[in-house]
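Asker: The hints should help you fit chain B onto chain A, whose structure is shown.
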Amino acid sequence: MGDIFVLIISCIFINNIVLAQYLGNCPFLGTSKKMETAVGMAMAVIFVLTMAGIITWIINTYFLVGLGIEFLRTIAFILVIASLVQFVEMFLKKSIPALYAGLGIFLPLITTNCAVMGVCLINVQEEFSFVEALISSIAYAVGFGLALILFTGVRERVILGRVPKPLQDTSIGLVTAGVISLAFFAFKGMV
Amino acid sequence: MLESVLFTLGLGLIIGLALSFASRIFYVYEDPRIAKVENLLAGANCGGCGYAGCSAAAEAVVKGEAPPNVCILDSKENVDKIAEIMGLEAGSAEPLKSFNDCEGGSRATDRFYYNGLNSCKAVASLYGGKRDCWIGCLGFGDCIRACGFDAIKMGENGYPVINKEKCVGCGACERACPKPILKVRTMTDRLLHLNAEDDALAPCAQTCPAEIDIPRYIQHIRHGEYEEAVNTIRERNPLLLACGRVCPHPCESWCRRGIEDEPVAINHLKRFVADYEMNSGNRIPIGKAPDTGKRVAVIGGGPAGLSCAYFLQRAGHRASIFEAMPKLGGMLRYGIPEYRLPKKVLDWEIEGILNLGIEHHTNVRLGRDFEFGALIAAGFDAIFFSIGAWNDYRLKIPGEELNGCYTGIDFLSRIGNEEPLTIGKRVAVIGGGNTAIDCARTLVRKGCDKVHLVYRRTRKEMPANDVEIEAAEHEGIEFIFLASPNRVTGDDQERVTGLEYLKMELGEPDASGRRRPVAIEGSETVLDVDMIITAIGQSPSAEFRGKGDRLDDISWTRWNTFEVDPATHQTNVPYIFAAGDAATGPALVVDAIGGGRKAARSIDLFLKGKPVVPQPKAILNKHIEETIFDSVLGIEKTDRVEAPEIPVSERIDNFDEVDLVISEESALREANRCLHCCRLCYDPDQARV
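Residue numbers (our numbering), protein chains in the order written: chain A, 1 to 191; chain B, 1 to 689.
Bound-form chain A, shown alone:
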C-alpha cells in the first residue's frame, strides 16, 4: 500500500509529466489561456490517459512480449491510441452526448498528444503490474491536469501585467512554465 502511495505522489508531483518530464507541452501552452478550457482539457486527458494506459499495457504484456516483438511497440501504441480516441469520441457522441459536448473539442487534440504516448511507454519501461499501470496512468493524468490548471491561473494574471513587448504571450508563458517547473523540483525532497 505504501508503494502505491509513493507511486501516486511521484507521478503527480515529482515526475510530473509536463513540469518534470516536459511532455505534452503543446496542449499545455495552447489550452492554458482560459480556466474553462483548461479544466475541460484536464478532464479529457484524465479520461483518455486512463483508457490508453490500460489497453496499451494489455497489448504490451500479452502480445508484444508474448510474441517477442517488442520492437513494434511504438508503432502499435500509436495505432492503438489514435484509434482509441476516435472510438471514444464516437462512443461518447452516441451514448453520453452531454459529456461529448463538454470534452468534444479537446478529444481530437489528444490523439497526437505525446504525454499520452509517454505515459504508456513509461508504464512498460518501468515494468509495472496492471494495477500499478492503472494507477500511474491516472496519477500522471491528474498531474497533467494540476499543472495545466495552476499554469492557467498564473497566465490569466500575467495577461494583466505590464509585459515587455518581446516577451508577450507565448514567451512569457514559457518563462512562467519554467518557473513553475523549478518550483516543482522542490518536490524531489519529498520521497
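Hints in this document: simulated from the structure, not taken from any laboratory.
Bear in mind that the values here come from a model prediction, so they are computed numbers and not experimental data.
Hints may contain errors.
Straight line, CA to CA, 25 Å or less: simulated DMTMM-like cross-link-like pairs of lysine to aspartate or glutamate [as the list claims (entries may be wrong)]:
1. B:121 x A:156
2. B:63 x A:89
3. B:97 x B:291
4. B:446 x B:656
5. A:165 x B:150
6. A:93 x B:31
7. A:94 x B:31
8. A:33 x B:174
9. B:446 x B:528
10. B:327 x B:347
11. B:121 x A:36
Answerer: Below, chain B alone, put in the same frame as chain A:
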C-alpha cells in the same frame, strides 16, 4: 519476422473492424447540410459569431438559430451559397459595429497614470482610489489588444478610435472593456436606443428632447468633419434643417459653459452643418437596415410622423404616411411662418426623408377620406398617430363669431396654404405663446398698420421664446399685458370693430407656478381693431372618433389627447401608438421628433414580437444628478456667436428668412467654445491651456 508481420496486420485488422463496427453502431445522424455549410464558413474558429467554432456555427445555421451571414469573415458569395443551401434569403441580419461612446473630452481626473499593471481591466479591478467618472475610458487599450482585426487604434488624445471599415462586430472589444464604453450594436439598436443612466451624456444631451449626442457633433464640427456631424444629428433627429431654425434649444440652458459664461450656441451650430449639407447640393447617404417586410401606417405627416416614419424605415420596416393637408410637414409647414422656416428648405428636408422609400399620401384625412377598418384590411401591422393639435381653443366670449375673428392655427395654416385672406388694418392677437407671436409677426408682414398682442399675464410669464418676443418688439408689435378679453364688439354688418378687455393684476401662484391674473372690477377698456386672432392653445382634433371601430377603445386624457405610456408611447390598444402634440398637447417641434423616435422604438419591439416595455435605465430627459455642477473652474469668457439677421427695415414687408446662418469661421470658433463634456469628463487644468 512472420510474427511481427502477422501482428501488425492483425492489429490493423482488429482496429479497422472495431472502428467500422463502432461507426455503424454509434452512428449519429447529422444533417448533411451541416457539413456543406461548414465548408463555406471561413474556418478560422474565431468565435466572432458567438458559437464555439465553425462547426457549431454551421449547426446553428442548419437548425435555423443563426442567419446565413452569421460568419463575420465570410465573403458575400459564400453567404449567398449558404443561403441557397438553406433556401433562405441572404443578408437578413444587420451587421454589428463597435462604437466608442467616450471620446475623452477635456480629460477628467480619471485618466490614470498608474505605475502598476498596464491594463484597463487591472486598473478597474485593482485600483481602489477615488474615481469620479465610472463611465469614462481608462485609456490602457485593452480593447486594442482584444481586437483580432486591427480595427481599433489609440487616438492622439489617449482614447481608442474605431475604424468602422475594419470592424466586423465580433464583440471582443466590448468583452475586454471593463467599463460600459465600447458597445457592439447594430445601426437599428443605436438609432432606437434611448439615453440611459449609464451612457456618457453631457448635460445638454440629457436635456435635448430628441436625445442628440450634442458634444459629438460639435466635436466633428471642430475637426471640420461636417458630414459626420450631420450623420450624428441624423441618428436622433431627421429634421435638422427645421430644428436648426426653430428649436428654442432647451439644451443651451443646461450648457456647462453657461454656468460661468454664455452657453455655446448649440442650435446655430446645428443649423450651420444642416445648411452646409443643403448648400453643398449633395445628400449624405442615410444607412438602412435590411427590409423586415412589416408595414406601419403613420397618420399625420408632421414632425412626429416624419420622425417616426424615418426611424422605422431605417430600422427596415415600411412606413406609409397619411396626411390630411395638401403637403407634408404639419405644423412646420402650416404653423411656422415662412420668415422663420422657408418652405423650400422644408421641402428639401422632407424630400430627403421620403427618399428612404417612405410611401406617402396627402389630402387624405382619417374618418373623412378613409376609415380605420381600411387600414387594418390593407395589412398594416401597427398604426402610429401623430395627428398634432390643430383645434384652436376658443375664448368663449360674446361676439367671437363676427367677421374678422380668426383662430391662430387656422389663420397660420391658411397663410401657409396661400389662401387669400382679408387682412385688417388694426389687429389684436390674443395669447402669449409662439403661435400668437407667429401670427403677429405674419400680420406685420402682411401690411397691417398696427398689431397688438393681448396677453393676460406679464412678459415674464409669456411661454413664447425670448428671441421671438424680442424680434416681435423690434418689428413694432405693441404688447398689452395683464389684459383679459371680455367681449368683441361689431357693427351692423357683423364686422369686428373692437375688443373690450378687462385689466388684470397678478394674484397667487397657480398649479403651473405662474401667478394667476385676477380681473380688476370696472376696468373695461376697448381696443379699436378690425381683426382679432385668438391663439390661446390647441388640442388634437379627433373627428374620427365614434365610428364604432377599434379607435373608440383608445383612452383619452382630459386635455383631449391620446393617453399613452410616457416611456413607450403605446396606447391601451397594443398596436396603436401615438406621439407629438396629439399625445403631449402643444409642445416643441423637438419634443415631437423625440416622441416619434421613442414610438418607433416601441413599434420596432412590437413588430419583432418582443414585449413593448420601457428601456431599462432610460432617463427620458431627466437629469443625472451628479453631472449637474454649480460651478465650473478654468473658464475664460469668450463671446458667443450671434446669428446674423436681416435688419427690421428690410424684413418688415416681406417673408424672407430673418435669421441667417453663421459663417464657417464663426462655427469653428463657436465649436471650440464647447467644453466637450462627456458626463463628468472635465479637467479645469487642461481647459486653461
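Asker: Next, verify each hint and record whether it holds.
Answerer: Verification of the supplied hints:
Proposed proximity of residue 121 of chain B and residue 156 of chain A is supported: the alpha carbons are some 12 Å apart, at most 25 Å. Restraint check for residue 63 of chain B and residue 89 of chain A: the C-alpha separation of about 23 Å stays at or below 25 Å, so the hint holds. At roughly 19 Å between alpha-carbon atoms, residue 97 of chain B and residue 291 of chain B fall within 25 Å of each other, so this suggested pair holds. In summary, the hint linking residue 446 of chain B to residue 656 of chain B is supported, as the alpha carbons are separated by about 12 Å, within the 25 Å threshold.
The straight-line distance between the Cα atoms of residue 165 of chain A and residue 150 of chain B is roughly 17 Å, inside the 25 Å bound, and the hint therefore holds. At roughly 15 Å between alpha-carbon atoms, residue 93 of chain A and residue 31 of chain B fall within 25 Å of each other, so this suggested pair holds. At roughly 15 Å between alpha-carbon atoms, residue 94 of chain A and residue 31 of chain B fall within 25 Å of each other, so this suggested pair holds. Straight-line distance between C-alpha atoms of residue 33 of chain A and residue 174 of chain B comes to about 19 Å, which keeps the hinted pair within the 25 Å bound.
Between the alpha carbons of residue 446 of chain B and residue 528 of chain B the distance comes to roughly 19 Å, so the proposed pair stays at or under 25 Å and holds. Between residue 327 of chain B and residue 347 of chain B the CA atoms are separated by roughly 9 Å; this keeps the pair inside 25 Å, and the hint holds. Restraint check for residue 121 of chain B and residue 36 of chain A: satisfied, since their Cα atoms lie roughly 19 Å apart, inside the 25 Å limit.
Violated hints for the displayed structure: none, as all numbered hints are satisfied.
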